[in-house]
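Just need the whole structure built from these sequences, with the hints factored in.
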Amino acid sequence: MSKRSGWMVLLGAMFLFLMASGVGAQEKIIQIDGSSTVYPITEAVAEEFQSVYPDVKVMVGISGTGGGFKKFSRGETDINDASRPIKSSEIEACKGNNIDFVELPVAYDALAVVVNNQNNWVDYLTVSELKKIWEPEAQGKSFTWADLRAGWPKEKINLFGPGVDSGTFEYFTEAVVGEAGKSRGDYIASEDDNVLVQGIAQDKYALGYFGVAYYLENQDTLKAVLIDNEKDEDGKGPFAPTPENVLQGTYQPLARPLFIYVSAKSLAREEVQKFVTFYLENARSLAQEVGYVPLPERAYELALERLKARKTGSIFGGKGATPGVSIEELLEREAN
Amino acid sequence: MKKTSQMVAPIFRRYWRERIFLALALVALFLSLAALFTLLIDIAFDGVPRLNWQFLRNFPSRHPEKAGIFSAFVGSIYVTLITVLVAVPIGVGAGVYLEEYATRNWLSSVIELSISTLGGVPSIIYGILGLELFVRTMRLGRSLLAGALTLALLVLPIVIISTRESIRAVPPSLREAAFSLGATRWQVTKDHVLPLAFPGILTGVILTISRAIGEAAPLIMVGALTFVAFLPRGILDPFTTLPIQIFNWVSRPQKAFHANAAAAIIVLLAVTISLNSLSIVLRNYYRKRFPPRAF
Numbered sequence: 009m010s011k012r013s014g015w016m017v018l019l020g021a022m023f024l025f026l027m028a029s030g031v032g033a034q035e036k037i038i039q040i041d042g043s044s045t046v047y048p049i050t051e052a053v054a055e056e057f058q059s060v061y062p063d064v065k066v067m068v069g070i071s072g073t074g075g076g077f078k079k080f081s082r083g084e085t086d087i088n089d090a091s092r093p094i095k096s097s098e099i100e101a102c103k104g105n106n107i108d109f110v111e112l113p114v115a116y117d118a119l120a121v122v123v124n125n126q127n128n129w130v131d132y133l134t135v136s137e138l139k140k141i142w143e144p145e146a147q148g149k150s151f152t153w154a155d156l157r158a159g160w161p162k163e164k165i166n167l168f169g170p171g172v173d174s175g176t177f178e179y180f181t182e183a184v185v186g187e188a189g190k191s192r193g194d195y196i197a198s199e200d201d202n203v204l205v206q207g208i209a210q211d212k213y214a215l216g217y218f219g220v221a222y223y224l225e226n227q228d229t230l231k232a233v234l235i236d237n238e239k240d241e242d243g244k245g246p247f248a249p250t251p252e253n254v255l256q257g258t259y260q261p262l263a264r265p266l267f268i269y270v271s272a273k274s275l276a277r278e279e280v281q282k283f284v285t286f287y288l289e290n291a292r293s294l295a296q297e298v299g300y301v302p303l304p305e306r307a308y309e310l311a312l313e314r315l316k317a318r319k320t321g322s323i324f325g326g327k328g329a330t331p332g333v334s335i336e337e338l339l340e341r342e343a344n
Numbered sequence: 009m010k011k012t013s014q015m016v017a018p019i020f021r022r023y024w025r026e027r028i029f030l031a032l033a034l035v036a037l038f039l040s041l042a043a044l045f046t047l048l049i050d051i052a053f054d055g056v057p058r059l060n061w062q063f064l065r066n067f068p069s070r071h072p073e074k075a076g077i078f079s080a081f082v083g084s085i086y087v088t089l090i091t092v093l094v095a096v097p098i099g100v101g102a103g104v105y106l107e108e109y110a111t112r113n114w115l116s117s118v119i120e121l122s123i124s125t126l127g128g129v130p131s132i133i134y135g136i137l138g139l140e141l142f143v144r145t146m147r148l149g150r151s152l153l154a155g156a157l158t159l160a161l162l163v164l165p166i167v168i169i170s171t172r173e174s175i176r177a178v179p180p181s182l183r184e185a186a187f188s189l190g191a192t193r194w195q196v197t198k199d200h201v202l203p204l205a206f207p208g209i210l211t212g213v214i215l216t217i218s219r220a221i222g223e224a225a226p227l228i229m230v231g232a233l234t235f236v237a238f239l240p241r242g243i244l245d246p247f248t249t250l251p252i253q254i255f256n257w258v259s260r261p262q263k264a265f266h267a268n269a270a271a272a273i274i275v276l277l278a279v280t281i282s283l284n285s286l287s288i289v290l291r292n293y294y295r296k297r298f299p300p301r302a303f
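Chain order of the listed sequences is A and B. Each number in this note's numbering corresponds to the 1-based position in the first sequence with 8 added. Each number in this note's numbering corresponds to the 1-based position in the second sequence with 8 added.
Think of the hints as simulated: they come from the structure by calculation, not from any bench. Just so you know, these numbers come straight off a predicted model, no measurement behind them. The reader is advised that the hints may include incorrect statements.
As the list claims (entries may be wrong) - Derived BS3-like pairs (lysine-lysine); straight-line CA-CA distance at most 25 Å:
| # | chain 1 | residue 1 | chain 2 | residue 2 |
| --- | --- | --- | --- | --- |
| 1 | A | Lys-244 | A | Lys-103 |
| 2 | A | Lys-65 | A | Lys-79 |
| 3 | A | Lys-231 | A | Lys-244 |
| 4 | B | Lys-74 | B | Lys-263 |
| 5 | A | Lys-78 | A | Lys-273 |
| 6 | A | Lys-231 | B | Lys-74 |
| 7 | B | Lys-263 | A | Lys-65 |
| 8 | B | Lys-74 | A | Lys-212 |
| 9 | A | Lys-231 | A | Lys-140 |
Said to hold, decoys possible - Listed below are several chain A residues computed to face chain B (Cβ distance under 10 Å; list not exhaustive):
| # | residue |
| --- | --- |
| 10 | Ile-37 |
| 11 | Lys-79 |
| 12 | Arg-82 |
| 13 | Gly-171 |
| 14 | Asp-173 |
| 15 | Ala-221 |
| 16 | Gly-299 |
| 17 | Pro-302 |
| 18 | Glu-305 |
| 19 | Ile-323 |
| 20 | Phe-324 |
Beta carbons are placed, not taken as given, at the ideal position from N, Cα and C, and that holds for glycine.
Structure (structure tokens):
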């Protein structure tokens, strides 16, 4: 008897739970997914937004820029976080499902090229030197620091970098090697940047790259290498990955804009509209707080105008990772 | 007849072998325990200072000291419970059929082979299946139910295999006695086989819980999210779980988030241990009620 009543209670509880799920369906929910690089900014905005509008539920996932676009183009999410502009194949996928999008820049991120802090010989590296190290042709060759520049130690350079699925990998290869995804494969790769940090911190002859936020948190064990792109029109290098250099456009080509893509269909909903406006109004302070470089005020104003006008499409023409886009250029493209 | 001195030597050697084997076994035990304890102590060191009531009651935040695991904690419990509610009845049913009803032929061997193969499939594959089947085809969305059904598929082989093994341990003489008195197969199964097999089945449930509560990859695939600052109010609501939250915190650059991850790992361990203890208490209770006797 007691056993039976126990089952009844359990079934009753399940029934109530199912009933409650009916209520859940009518709530205002904003679904966001995409890049892990943009995630900290979106998380900060979502947190602040929910304290102002507690009736709206914002949820943020991490499935990478590309993985996020797959869901976005199926209409499964309202907003996609992206660490690179949308690719033409992704634009096609959106078109196929009648999804228009508004592209909005939210901040700048710098990639840091990093060595161990006991490395006292590297003062700066040029982009062509980086290319020599990372291009696919270098695969299998044991490369010493002395091969790079005379006078540096005759020790093998141990390489660390992100895995091939990451947007950072795609951007770095495009910027340094000249083609997205083209890189030597014989380096220590990890999707977890902290693994790279650990690896470089324990190896005097290591060299690696990742988002600057990971360098800033580990300055006691790591050293950021100054970068010179040998183009004096961008300023006479080399330059460190500081916010000033990123904003002035001198830390090139390793500074990149970050974006959110908003589905035009979702923008018809009041809560999505409110959220995106809130995002652009607060991105400046929040991006800085979580370790990114905010855009100039003018860029956010232009983005807000773009949002109000519901201007859809990408200003990058579907090329994907586009290195060397300066703030001025971004503003100019935004304004038109 | 050999002299005593001739016999002493081999005995001596045998005793030595015995001691060496014992020492090796102890080293093996010590190594595995040492690894486990190093891990636990390391995590306790990082995580215990971070554990407090606020940490359990707060939603995720960009401020590591304000961030908590409330939504992940509740999500983990819900997902695990629904997974068990779905997987156990189906798994036990399948196990009963295969052991008590199915006739041995090529079909049952194929089924058997498939089940053991499924047990070894990487969990991310179940995630891909769950995404297409539950999230997209069945239109459940990125919900608790979709996540739990995916995990249920993942743990089904464990439930089926442990059910079959514990049913097989029930002596045939018991069934034969019941059949001889005119009981149907269903009566034999319900009144004799299942009660005796129950403790073994609960062992399977314990394994199920441990597996389901620790999974992150298939849930991320199905669309469990990382930042969820509200509780699911029904089985169709979005959710997050502890392993996903831990994964996210571990990959952050700020060290304060790593401490949060350690604290969340302690909570996850505590939840797993309490759910498991519940099953163990139940198992002991049933062992006492239906003690396995020699038949």
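Going through the hints against the structure:
no.: 1; hint: A:Lys-244 / A:Lys-103; result: 43 Å, violated
no.: 2; hint: A:Lys-65 / A:Lys-79; result: 19 Å, holds
no.: 3; hint: A:Lys-231 / A:Lys-244; result: 21 Å, holds
no.: 4; hint: B:Lys-74 / B:Lys-263; result: 14 Å, holds
no.: 5; hint: A:Lys-78 / A:Lys-273; result: 16 Å, holds
no.: 6; hint: A:Lys-231 / B:Lys-74; result: 30 Å, violated
no.: 7; hint: B:Lys-263 / A:Lys-65; result: 28 Å, violated
no.: 8; hint: B:Lys-74 / A:Lys-212; result: 37 Å, violated
no.: 9; hint: A:Lys-231 / A:Lys-140; result: 21 Å, holds
no.: 10; hint: Ile-37; result: 7 Å, holds
no.: 11; hint: Lys-79; result: 8 Å, holds
no.: 12; hint: Arg-82; result: 8 Å, holds
no.: 13; hint: Gly-171; result: 12 Å, violated
no.: 14; hint: Asp-173; result: 13 Å, violated
no.: 15; hint: Ala-221; result: 5 Å, holds
no.: 16; hint: Gly-299; result: 7 Å, holds
no.: 17; hint: Pro-302; result: 15 Å, violated
no.: 18; hint: Glu-305; result: 22 Å, violated
no.: 19; hint: Ile-323; result: 28 Å, violated
no.: 20; hint: Phe-324; result: 27 Å, violated
Hint check: violations occur at hints 1, 6, 7, 8, 13, 14, 17, 18, 19 and 20; the rest are consistent with the structure.
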